[in-house]
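Chains A and B, in that order, are what the protein sequence lines are. Residues are numbered in my numbering as their position in the first sequence, beginning at 1, plus a constant of 1. Residues are numbered in my numbering as their position in the second sequence, beginning at 1, plus a constant of 561.
Bear in mind the hints are in silico, worked out from the structure with no lab data behind them. None of the values given here were measured: they were computed from a predicted structure. Just so you know, even glycine gets a beta-carbon here, dropped at the ideal spot from N, CA and C. Where hints are given, some of them may not hold.
Which stretches of chain A does chain B cover? Using the computed rule of at least three CB atoms under 8 Å from a CB of chain B, they are [said to hold, decoys possible]: (1) 24-30; (2) 51-65; (3) 82-93; (4) 113-119; (5) 182-193; (6) 273-280; (7) 286-293.
Computed from the model, here is a short list of chain B residues facing chain A with C-beta under 8 Å [what the hints assert, rightly or not]: (8) Asn586; (9) Leu589; (10) Ile607; (11) Leu608; (12) Trp612; (13) Val614; (14) Phe625; (15) Ala693; (16) Arg702; (17) Gln715; (18) Val719; (19) Arg801; (20) Leu805; (21) Arg816; (22) Gln818; (23) Pro836.
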Amino acid sequence: MAIRQQHIEQATTRPVGKPKLGKLARREEREFYLFISLWIIGFIAFDAGPILASFVIGFTNWSMMTPPSWTGLQNYQRLISDPLFYTAMWNSLYFGVGSVGLGLIVSFLLALLLNQKVLGISVFRTIFYLPSVVSGIAVAILWIMILHQDFGLINSVLSWFGIQGPGWLVQPQWAKPALILMSLWGAGGSMVIYLAGLQSVPQHLYEAASIDGAGPWMKFWNVTVPMMSPVIFYNLIVGFIASLQGFVLVLIMTNGGPANATLMFGLYIYRVAFQFFQMGYASALAWVLLLVIMIITALQFLGAKYWVFYEGETAR
Amino acid sequence: MSANLQQQTMAASQAQRHSRFGMRNQRLLQRMIVYVLLVGLSIIFILPFMWMVSTSLKNSEDVFTYPPSFFPTTFLWQNYPRGWTILPFNTFLVNSLVVTFANVIGNLISCSLVAFGFARLRARGRNILFLALLATLMIPREVTIVPRFLLFSQMGLVNTLWPLILPAWFGYAFFIFLLRQFFMTIPTELDDAARIDGASSLRIFFEIILPLSKPALATVAIFAFIGNWSNLLDPLIYIRSQDLYTLALGLNLFRGQNFTQFNLLMAVSIITLIPVLTVFFLSQRLFVQGVTLTGMGGR
Numbered sequence: 002m003a004i005r006q007q008h009i010e011q012a013t014t015r016p017v018g019k020p021k022l023g024k025l026a027r028r029e030e031r032e033f034y035l036f037i038s039l040w041i042i043g044f045i046a047f048d049a050g051p052i053l054a055s056f057v058i059g060f061t062n063w064s065m066m067t068p069p070s071w072t073g074l075q076n077y078q079r080l081i082s083d084p085l086f087y088t089a090m091w092n093s094l095y096f097g098v099g100s101v102g103l104g105l106i107v108s109f110l111l112a113l114l115l116n117q118k119v120l121g122i123s124v125f126r127t128i129f130y131l132p133s134v135v136s137g138i139a140v141a142i143l144w145i146m147i148l149h150q151d152f153g154l155i156n157s158v159l160s161w162f163g164i165q166g167p168g169w170l171v172q173p174q175w176a177k178p179a180l181i182l183m184s185l186w187g188a189g190g191s192m193v194i195y196l197a198g199l200q201s202v203p204q205h206l207y208e209a210a211s212i213d214g215a216g217p218w219m220k221f222w223n224v225t226v227p228m229m230s231p232v233i234f235y236n237l238i239v240g241f242i243a244s245l246q247g248f249v250l251v252l253i254m255t256n257g258g259p260a261n262a263t264l265m266f267g268l269y270i271y272r273v274a275f276q277f278f279q280m281g282y283a284s285a286l287a288w289v290l291l292l293v294i295m296i297i298t299a300l301q302f303l304g305a306k307y308w309v310f311y312e313g314e315t316a317r
Numbered sequence: 562m563s564a565n566l567q568q569q570t571m572a573a574s575q576a577q578r579h580s581r582f583g584m585r586n587q588r589l590l591q592r593m594i595v596y597v598l599l600v601g602l603s604i605i606f607i608l609p610f611m612w613m614v615s616t617s618l619k620n621s622e623d624v625f626t627y628p629p630s631f632f633p634t635t636f637l638w639q640n641y642p643r644g645w646t647i648l649p650f651n652t653f654l655v656n657s658l659v660v661t662f663a664n665v666i667g668n669l670i671s672c673s674l675v676a677f678g679f680a681r682l683r684a685r686g687r688n689i690l691f692l693a694l695l696a697t698l699m700i701p702r703e704v705t706i707v708p709r710f711l712l713f714s715q716m717g718l719v720n721t722l723w724p725l726i727l728p729a730w731f732g733y734a735f736f737i738f739l740l741r742q743f744f745m746t747i748p749t750e751l752d753d754a755a756r757i758d759g760a761s762s763l764r765i766f767f768e769i770i771l772p773l774s775k776p777a778l779a780t781v782a783i784f785a786f787i788g789n790w791s792n793l794l795d796p797l798i799y800i801r802s803q804d805l806y807t808l809a810l811g812l813n814l815f816r817g818q819n820f821t822q823f824n825l826l827m828a829v830s831i832i833t834l835i836p837v838l839t840v841f842f843l844s845q846r847l848f849v850q851g852v853t854l855t856g857m858g859g860r
């Protein structure tokens with residue numbers, strides 16, 4: 002913060018009118034663009050360009066074998082009457098809400114536990130954090146095994162208590178809960194963020210609350226939660242966007258099945274593009290996903306007014 | 562009057578002693594509950610790893626006994642070499658190493674240059690460009706997946722390792738953000754002093770900023786390593802011939818061919834996880850630092 006202030010001071014106290022310094026400033030500007038030039042190229046080639054391109058491709062019919070033909074809004078009309086579009090959207094939202102919501106609770110509770118001053122914290126932190134670091138296909142294979150109806154870990158633990166577990170990945174009603182359960186194993190990633198946040202809550206706030214006679218529960222709701230709300234908010238947004246996108250694990254574990262119960266939106270786009278080679282329709286789907294993400298993020302920001310607390314606001 | 566007061570203070574101190582004793586008991590109980598929860602949860606979190614190792618050592622019959630036993634009756638260490646040699650995993654390993662290190666180096670170079678620009682050089686349009694940079698973190702990959710593929714196929718680079726490597730050399734928003742945050746914590750007085758001595762921006766970058774940023778650079782290197790090591794989506798889209806397969810892609814092929822041989826699958830999976838686990842245990846501190854610096858997880 003102090004550094005940024007210094008920057009502003011330097012910027013404003015610099016006499017702009019004098020030609021010599023103006024030349025220096027211009028040189029600095031040139032240097033800035035030279036330093037970031039790699040990213041600018043990447044931004045145009047890999048981000049901005051593709052986004053615009055996919056917007057245009059969304060209005061065409063294109064198999065990549067033959068030249069694209071302009072079809073206007075046809076792809077979007079098809080989308081409205083495509084039952085798989087709704088299935089995929091529903092699946093992604095179900096998974097997103099479930100995994101982010103439960104993930105928030107689990108990772109926050111883990112962080113609260115670790116924030117108790119107990120011995121061996123770093124060992125526990127490592128254990129909780131580790132699963133979120135390993136990812137990809139090895140984890141997918143591991144979870145296929147864990148969720149296996151007859152020979153899996155979960156059902157064999159359940160059988161100790163006389164419960165016969167379901168066919169997690171083969172019964173449509175259990176497939177999404179199974180994926181959410183699996184995602185909770187990676188809750189340690191956001192736990193670390195919450196733990197850092199908890200450790201930076203000023204101690205004097207708790208002391209002040211104690212003097213006012215607040216018990217642990219009151220302190221939690223009136224000090225911890227408000228102070229942590231920006232971090233929680235940030236994690237909700239990022240987590241939700243990520244959960245709407247991730248589909249590689251699903252691709253491996255269920256390939257969208259059973260009965261399309263795990264056909265995620267990203268997986269549907271991938272399938273349309275790289276298995277059916279309908280680049281136009283895939284692009285239209287992708288743009289709808291972009292819009293949905295933007296709308297949900299905007300709604301979260303609007304809702305944030307009512308529960309996210311920023312320290313700076315009360316200082317005024 | 563004074564006796565009354567004395568009585569009062571005595572009663573108060575007695576009450577205090579009483580409540581302090583209660584508090585100590587309560588704290589002990591609380592601590593015990595915390596430990597029980599921590600240990601219990603740790604077991605749940607670690608169990609899948611144990612299961613993985615135990616399955617990898619079982620023989621084919623043990624994998625499919627019902628109810629499954631947690632401990633293998635055999636310790637078939639040869640499952641590891643056996644699984645590894647069914648497919649040319651050595652080739653896949655080399656490809657993965659090439660792609661991963663090219664990504665790490667590309668990210669380190671491009672992201673640190675760009676981050677220096679954003680952290681230290683003033684220019685018109687800088688704030689808007691920085692917002693654009695952060696906005697790219699929000700773009701779903703699916704939106705750019707098709708045009709990117711078209712771009713690389715126009716360049717004739719499909720079925721080469723280039724599509725997996727090139728993007729890293731043009732910066733990645735998360736790493737740029739991480740490094741910029743770190744660079745901002747380095748006092749500008751150091752730059753100013755060097756500038757007075759006539760040092761150029763490039764020299765300040767190389768001789769002041771980079772040497773002071775080793776922890777942040779290491780964090781970026783680790784995140785890039787782990788992110789690329791397990792990347793399956795891009796190889797799945799771009800790679801066709803088996804001699805270009807990465808480990809993730811090879812493991813996927815292996816799974817397709819031997820989906821009932823869970824013991825071999827687990828053994829090979831464990832081998833592919835070893836580099837990630839090693840890096841993690843060697844550099845845990847840097848991980849946590851990276852997370853707290855940006856407030857974001859590593860992926």
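We went through each hint and held it up to the structure:
Requiring three or more residues with a Cβ within less than 8 Å of a Cβ of chain B, the coverage given for the segment 24-30 of chain A holds, as 3 such residues are present. For the segment 51-65 of chain A, the stated coverage by chain B holds: 6 residues have a C-beta nearer than 8 Å to a C-beta of that chain, and at least 3 were required. Remark: the segment 82-93 of chain A is not confirmed as covered by chain B, as 0 of its residues place a Cβ nearer than 8 Å to a Cβ of that chain, below the required three. Only when three residues or more bring their CB closer than 8 Å to a CB of chain B does the claim for the segment 113-119 of chain A stand; here the count is 4, and the claim holds.
A stretch counts as covered by a chain when three or more of its residues have a beta carbon under 8 Å from one of that chain; for the segment 182-193 of chain A and chain B the count is 5, and the coverage holds. Proximity of the segment 273-280 of chain A to chain B, defined as three or more residues with a beta carbon under 8 Å from a beta carbon of that chain, is established by the 3 residues found. Check result for the segment 286-293 of chain A against chain B: holds, 5 residues qualifying (beta carbon to beta carbon below 8 Å, three or more required). Given hint, asparagine 586(B) at the interface with chain A, is violated; its Cβ is 15 Å from that chain's nearest Cβ, farther than 8 Å.
Interface restraint check: leucine 589(B) against chain A, minimum CB-CB distance 12 Å, threshold 8 Å, status violated. Restraint check, isoleucine 607(B) versus chain A: the minimum CB separation of about 6 Å is within 8 Å; hint holds. For leucine 608(B), the interface hint holds, the least distance from its beta-carbon to any beta-carbon of chain A being 7 Å, beneath 8 Å. Taken as an interface hint, tryptophan 612(B) checks out: its beta carbon lies about 5 Å from the nearest beta carbon of chain A, inside 8 Å.
Violation of the interface hint for valine 614(B) is found here, the shortest Cβ-Cβ separation to chain A being roughly 11 Å, above the 8 Å cut-off. Checking phenylalanine 625(B) against chain A: minimum C-beta separation of about 6 Å stays under 8 Å; hint holds. Hint on alanine 693(B) holds. Least Cβ distance to chain A is approximately 7 Å, under the 8 Å limit. The closest approach between the C-beta of arginine 702(B) and any C-beta of chain A is roughly 6 Å, which is under the 8 Å cut-off, so the hint is satisfied.
Given the 8 Å rule on beta carbons, the hint for glutamine 715(B) is violated: about 11 Å separates it from the nearest Cβ of chain A. Below 8 Å, beta-carbon pairs count as interface contacts, and valine 719(B) has none with chain A, the closest being about 11 Å; its hint is therefore violated. About 12 Å separates the beta-carbon of arginine 801(B) from the nearest beta-carbon of chain A, more than 8 Å, and the hint is not met. Taking 8 Å as the C-beta cut-off, the interface hint given for leucine 805(B) is violated, the closest approach to chain A being about 17 Å.
Taken as an interface hint, arginine 816(B) checks out: its beta carbon lies about 6 Å from the nearest beta carbon of chain A, inside 8 Å. For glutamine 818(B), the interface hint is violated, the least distance from its beta-carbon to any beta-carbon of chain A being 13 Å, above 8 Å. Of the supplied interface hints, the one on proline 836(B) is violated, with its beta-carbon coming no nearer than about 11 Å to a beta-carbon of chain A, more than 8 Å.
Consistency note: the structure conflicts with the earlier hints numbered 3, 8, 9, 13, 17, 18, 19, 20, 22, 23.
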